[in-house]
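K.L.:
Residue numbers (this note's numbering), protein chains in the order written: chain U, 1 to 337; chain P, 1 to 337.
None of these hints come from the bench; they were simulated from the model. Mixed in with the good hints, there may be bad ones.
[Stated by the list, open to error] Here are the simulated lysine-lysine pairs, DSSO-like style, with alpha carbons at most 30 angstroms apart:
1) U:K310 / U:K325
2) U:K112 / U:K235
3) P:K325 / P:K289
4) U:K149 / P:K235
5) P:K319 / P:K149
6) P:K187 / P:K235
7) U:K42 / P:K187
8) P:K235 / P:K112
9) U:K325 / U:K308
10) U:K42 / P:K310
11) P:K42 / U:K235
12) P:K235 / P:K319
13) U:K312 / U:K302
14) P:K42 / U:K42
15) P:K187 / P:K198
[Stated by the list, open to error] Facing chain U, according to a computed beta carbon distance under 7 angstroms, are these residues of chain P, among others:
16) C38
17) N65
18) T66
C-beta: ideal position from N, C-alpha, C; glycine also.
So you can see what is in the structure, the chains are spelled out below.
There are 2 protein chains.
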Amino acid sequence: MKSELGEFELIQRFFKTGSETMLSSGAHSISLGIGDDCALLKPNPAETIAITSDMLVEDRHFFANTNPEWLGHKALAVNLSDLAAMGAKPIGFTLAIALPQTDLAWLEAFSKGLFTLAQEHSCPLMGGDTTAGPLNICITAFGSIPQGKAIKRSGAHPEDDVWVSGSVGDARLVLAALRHELILSQKDLNAISARMHKPTPRIQLGMELRGIATAALDISDGLLGDLKHILIQSKVDAEIFLNRLPKSVTLIHQSEAIQNEFAACGGDDYEICFTAAPDQRNIIYDISKKLHLPLTQIGTIKPMQSSKPKIKLLDQNGKALSDSKVAPLLKSFDHFA
Amino acid sequence: MKSELGEFELIQRFFKTGSETMLSSGAHSISLGIGDDCALLKPNPAETIAITSDMLVEDRHFFANTNPEWLGHKALAVNLSDLAAMGAKPIGFTLAIALPQTDLAWLEAFSKGLFTLAQEHSCPLMGGDTTAGPLNICITAFGSIPQGKAIKRSGAHPEDDVWVSGSVGDARLVLAALRHELILSQKDLNAISARMHKPTPRIQLGMELRGIATAALDISDGLLGDLKHILIQSKVDAEIFLNRLPKSVTLIHQSEAIQNEFAACGGDDYEICFTAAPDQRNIIYDISKKLHLPLTQIGTIKPMQSSKPKIKLLDQNGKALSDSKVAPLLKSFDHFA
């Protein structure tokens, strides 16, 4: 369905209304939303503002026929996931979107998915830009963290535990089924398809981990590849028990090779990988119980052995896995590779 | 030239280095830049943060063969222009960019244009995202304004003067020449081509106008169309002297019809249109002198006569122009029209 809606009507109809409710609820310190040159944010002097920006491109981050409601959810979720990884509480977001045409049904569904998630986290749309062009969604999200409490990638210490939330590999399994790399029953696909299409940003977890995790990030490009960023920033190595990676019941029905590859290197799960001192274990298990979210200790941070941080993969007995088993796993997703 | 650079190398090589100098200069309160899940901004308790986001799409906002150095400049300039319109001082920006390929020469030039302007305004790159996809540049820029000093669109009062900075219509004239709608000598084109390709964000002007302008915005879609946004937000009408619109020597050599149309409705000039009480005139002329920037009083704000804000165009004697003269001018640029 095409329409002759102008840009300003479009913003008004699909994007402005959803946000005004939240802005006027005064949940945060936004003093001016859509309708001026800039949004205005009055920060609380005791907070640091966390800022993250993600761009989603058709055929790269989602299929052209993706359900627009899922897409609206996911475009915001991947940004909230970055906020979660630093322990930030969402404040609001800006949306810049290029649309090939003004398709009212598509916009209706997209904004429903977007604002349902935004509402869940009291995270209003503060401003943005709409233009014609190949479909591209760019969200910049803002969060607040008490001063000095941000969980950075650079804080991991030797002998810290390495943890991961939820389970990993399901989003990659859905992708494999959609790409016909393997066959998944409709029941299995239904059970896990939300893991790829409607990821859950671990906002509560991030906030609980303030002062407990020494480093954290969200897993968008695959657990091992992303863990490397913590190792690089913290100047440490890691040992990971391959068999400890938490997997869903659905993934466990796949071959061992697929289980390992997808759990270790599959992208798009948006779980949190974090490190913490071993004396924090009980507190972390309490957080897990409180949030009804599995948290699994998968390995240990080690002192750096050479100039390049290294991940040693271990079998269940703590013995290093052979290179032939490891090699196919270590190619992590890279947008330009 | 194609390359196999990965995403992280790309950020490192073209975007990270340029920013670290600025971040470490401590010009602003950015405590963590590129290399983590989020950038961290420690705000000053006496400031409000202004946030703006603009997306530039190939063939929509720039030609496919645009000089990438100009493009890097312009992508940031249009965002700084939004900060200027509210009286904000730049703090930093995030860049999300989709690239069809990794073209090193293109990236080199793009980042040169981008960082030259960023440096001029002590406005470092704080973070962002790079991905493969049809060329799309999305910048979100941040500025600071002393609490309560933001110049909003909603503050214009009846009998305020309407002002515009610099001159208007040149960017549209360059576009017309590039589209072969008219012929411009190479000398004329050289004289004004920067007005379209390398617009100057009026940052200093915006900061000087704090507490003086009652309303302001930047002119991206055409003077009259953009002025309407002030009228809508302020619930007022305006009278504008068509002959007073400030034009460059180059534009003045065109026919009267083109002069009027381009000055009144041409987009992309990124001048500031603002309103101020008549008793501020001398102060405004002093600002003009100080900044070596013409500031022209082009009309007056009037009480709103009907439910829809209206602009009355006047001839040099203050007489309303006939509808037949006005009608072709009032179609302002709209991205989805």
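K.L.:
Is the straight-line distance between the alpha-carbon of U:K310 and that of U:K325 30 angstroms or less?
P.N.:
holds (16 angstroms)
K.L.:
Quick one, are U:K42 and P:K187 close enough, alpha carbons at most 30 angstroms?
P.N.:
violated (48 angstroms)
K.L.:
Is the hinted pair P:K319 and P:K149 satisfied, with a Cα-Cα distance of at most 30 angstroms?
P.N.:
This hinted pair is violated, its Cα atoms lying about 36 angstroms apart.
K.L.:
Checking hints one by one. Is P:T66 an interface residue toward chain U, by the C-beta closer than 7 angstroms rule?
P.N.:
Status violated, d = 15 angstroms.
K.L.:
CA of U:K112 to CA of U:K235, is that 30 angstroms or under?
P.N.:
violated (43 angstroms)
K.L.:
Quick one, are P:K235 and P:K319 close enough, alpha carbons at most 30 angstroms?
P.N.:
holds (23 angstroms)
K.L.:
Check the hint pairing U:K42 with P:K310 against an upper bound of 30 angstroms on the C-alpha distance.
P.N.:
At roughly 33 angstroms apart (the allowed maximum being 30 angstroms), P:K310 and U:K42 break the hint.
K.L.:
With a cut-off of 30 angstroms on the C-alpha distance, tell me whether P:K42 and U:K235 pass.
P.N.:
Holds. P:K42 to U:K235 sits at ~26 angstroms (cutoff 30 angstroms).
K.L.:
CA of P:K187 to CA of P:K198, is that 30 angstroms or under?
P.N.:
Measuring from Cα to Cα gives roughly 17 angstroms; hence the hint holds.
K.L.:
Compare the distance between the alpha carbons of P:K187 and P:K235 with 30 angstroms, and conclude whether the hinted pair is satisfied.
P.N.:
It is violated: about 44 angstroms lies between the C-alpha atoms, which goes past 30 angstroms.
K.L.:
Sort out whether P:K112 lies within 30 angstroms of P:K235, counting only the CA atoms.
P.N.:
Roughly 43 angstroms separates the two Cα atoms, so the pair is violated.
K.L.:
For U:K149 and P:K235, compute the direct alpha-carbon distance and say whether it is at most 30 angstroms.
P.N.:
Not satisfied, since the Cα-Cα distance of roughly 44 angstroms exceeds 30 angstroms.
Hint compliance for this structure: hints 2, 3, 4, 5, 6, 7, 8, 10, 17, 18 are broken, all remaining hints hold.
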